[in-house]
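So the protein lines, in turn, are chains W and Y. For the first sequence, the tail end lands on 522 under this note's numbering, and the numbers increase by one without skipping. For the second sequence, the tail end lands on 501 under this note's numbering, and the numbers increase by one without skipping.
These aren't lab readings, by the way, just hints derived from the structure by calculation. None of these values were measured; they are calculated from a predicted model. Check before you lean on any hint, since a few could be wrong.
Output of the computed footprint for chain Y on chain W, the stretches with three or more beta carbons under 8 Å from beta carbons of chain Y [as the list claims (entries may be wrong)]:
1. 440-448
2. 453-460
3. 472-485
Ideal Cβ positions, reconstructed from N, Cα and C, are used throughout, including at glycine.
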Amino acid sequence: MLSGDFNLKAVRVIKELLDDRKALAVDLTNSRFVNSKAIIFLHKLMTGKPAVDVRLKNPPKVFFELLTTLQLHKVWELDNIIEP
Amino acid sequence: MEAHIYLEAEIPMVGSATDFTYKWCVNMGLQPDEAARMALAADEILTDIVLYAYPEEAGYIEIWYQYSFSEIEIIIQENGEPFDPGKYLYSLEKAMNENNFDGASQEIVRKMTDQFLFLNRGKDGKEFRLMKRFVSDDIRKTVGKGNEIADADHPGNVANQYLITPVTSEDAEDIAKLIYRSYSYTYSKEELYFPKRIEMAIRHNYKFGTIVRTESDVPAGYFAVLMSTDSLIGEVGEAVVSPTHRNRGLMKRMMNKLIEMSRERGLLGLFGEAVTVHTFSQKVNETYGFKSTALVITSSQKRVFKGLKTEPSDIMSVVVEFLPLSSRRRKPVILPDTYSDLLTEIYRQFRTVPAETSEANTSQKEHEGTNLDLNINYEKESALIIVRDVGTAFEASCNRMLRSIEDVKLLAVYIDLPLNQPRTDSAIQWLKEKEFILAGLMPLFHKETDYLRMQKIRVPVDFSLIQTHSDIAGKIKDRIQLEYNALHKEKGEA
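Just chain Y, with the same shape it has in the complex:
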């Protein structure tokens, strides 16, 4: 579970916060030794904040605890005195000769974590990010190479009857084996090769889904929804049918079951991220009523897909496709002039669309302040800035945020802008000046509100390798390509 705490910057509070950190880390699946290392890292940062950021004044510290399938991240924010970590480097010589231990804390934090980032957001404060990856057994190492065709794929295991049941944490190892035996090393979601990570995610309700077994209890297929932690939607993100059991309608049965389970859980919609190296997934999504809303370009290592004739590519773009599950009235949107034509077309695909409102009907006062959140995906080397409120100082705040991540190795930066606020169009114009281009509509993506995603890609994009299936996906791609080419032409001229 994710957590957020707000505490007074006082020494007695540090112990309470590190106690919580330790227990949270253990609950999320870290071994006690690793949890102690994270608690120590948090203690070092918090102690220094109390001593040096607020030496004489009262202040507050906010801590966010975030979980993903492969790592946990602790984000500590404060607004105390300015600080330049580059000036404090630990030296044994200084420690011995001058009793000067400056930089010792940072040295320790780096050692205790897998990634430590310090982000200076100027007037918006300072941010310390501590990340640790889960360490657990990798199914690729435990399943012997000579044993690849076993259980599910044994020719004798073809079944006439299949049983579809909801997955439980006890199915974790079978799921990892299914993925490995069906995709070998090519499945895009690394965490599915680690049974422990799957087990924790199911146990904490971060995902739910179905598993198909034969009459003799051999696992044959798995399909899951990954719950968003920011909105009542989920991603149909993990699907596999063992090769021996394909073409028996299992995927269809599992998808229908998933949609039913998602409705029962009160989800407002499901989305899929269909890869664009082929159109197979996009076509499958279409048959279930998913509609294309965005094209998100991301980077990945060059890889090929098992059993599919695809070109190895540096980029790994996905078409975002959305399936509404509720006809409940959606929050009204303000269509920004810049993309109103395209957004109108995207919305027209759905039976129920949010009402369009005008700027005049929206209270400017509601969103005077700017509120930004930053999520870093360390595995994909990308960052997502979620703009909760586009306030009057959006440009300055966003600029500070972008500057603070300049030194972080990122291949893509995405910005999600709310579609229910009057300043969104001017924010789009400003972002375009900052070399961002369109990605598309992200329906109900944050706090059950529709967002527009902009993207800045730091690797060359070959659009001829991006295959889209639906007309709308093609139009979105054309628009993005147009903006991409214009941007690169401008840069070339400059």
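This is chain W alone, in the form it adopts within the complex:
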């Protein structure tokens, strides 16, 4: 679970912890926002070779707005990415 916003600092920490794991689950209950650097990081993980399986829990409302702004809502498989 992230203790704050999903920003560049959090990306750097996760990147280090992730190493060569094949799955990443992030609980965003405490995040007010997810920034573009985090979105790009997740996108690269999901489309990389090998791809990382990304799961997000409780993303803030603004996260969906961000995806729409960058038109990634058409590309990301949100039903699989967002945990119920």
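Given chain W, work out where chain Y should sit, using these hints.
Chain Y only, in chain W's frame:
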């Protein structure tokens, strides 16, 4: 409250700054979702500055948090590597095919804010301005049309006794209703139709004032002073008496109470901006001892005034009128040669005038550097440049500032020059070459110092529609008209 922070351009500082941004936005009245959007916008800009403006060197970022009754603005300044935002446009195609997300941050910032401006001030650095308007209920929509004559204006509510008390944030809705019922849609200050904005402004001490109620607690009048955030002065800016309760001396009682309250708060002076489509407000101000000091021309949508025979106009000029509240010694002034005759006449109206000093008595070294601040009024589509110091490089700095706002849709640009610095006269000459004309004296307007305002109007001005009352206001108008006509003649010849 306004805030200013100065931080090292390092990634760990970004989180601290966005935390502060979020909390400040909530405190100033934004809903948590909206505050998160502003915090995200600030995060995007700050992260990019750390990554790209200062990639290998240490640097600093300054952030200003500014509040007005209808919006908040966050200004982020840095002096890092040059950057052209036009070159970075987000494209989904590039993102998908080349993993190139250039421009994503800017796209997001635009989406998260109501207005995003990037100002390149050359050697003076870069400036990112993020603005968000307050969203709240509009009294014009919540008060039904069939219910316009109610409460205060009900004929049965005429009172013999009135109670004048200081306003509190709980009076906000009554104030908005008073404005709506008295002026319908024609009151010039939009924010007074939004109870939440009034409530926040009173709660944060941006305004104080009086409300008049009848014996049966029906609101009948309201008058407020808007505090300057830059000097110990206030504007007598919001006044209304419900039509049923007019001609009962309520305005006079409220004005006297406001002057008393302003003195108690230690204000050095009050100013009013009296419209010039009629002279009624100017005459009222005169009876309380206000003196005309400037004529500021601004633009507005064509509008007519309820109950007054006025011509609809594109321009909405105001006579600035000042009432000193303290006989405390004022900072000495250096009268610039260009306007020394007129300024002397303006000053002569007041009992206590600042001492005149000569350039020789002023240390040039004090003001070697140039220091400019920019305020943009998005609602009025105007900008005010405050010259804190007229340094040796004033012309270059001011030119960069003017160039940086060239692409911003502005109908008027004002420049306030300090009247206590020796280079002000040469700055005036240069500004005249840049098509600025006089506006007048702005007493104690910034940091308790007298300023001279110059103005550049980008819409045609019909001076026959500008009505002035006092002799001095008439003289100021004549001088401005002379400069305006000369400027337009020159332009016509060119």
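Against the structure, the hints come out as follows:
| no. | hint | verdict |
| --- | --- | --- |
| 1 | 440-448 | holds (count 5) |
| 2 | 453-460 | violated (count 0) |
| 3 | 472-485 | holds (count 8) |
Violated hint: 2 only; the structure is consistent with all others.
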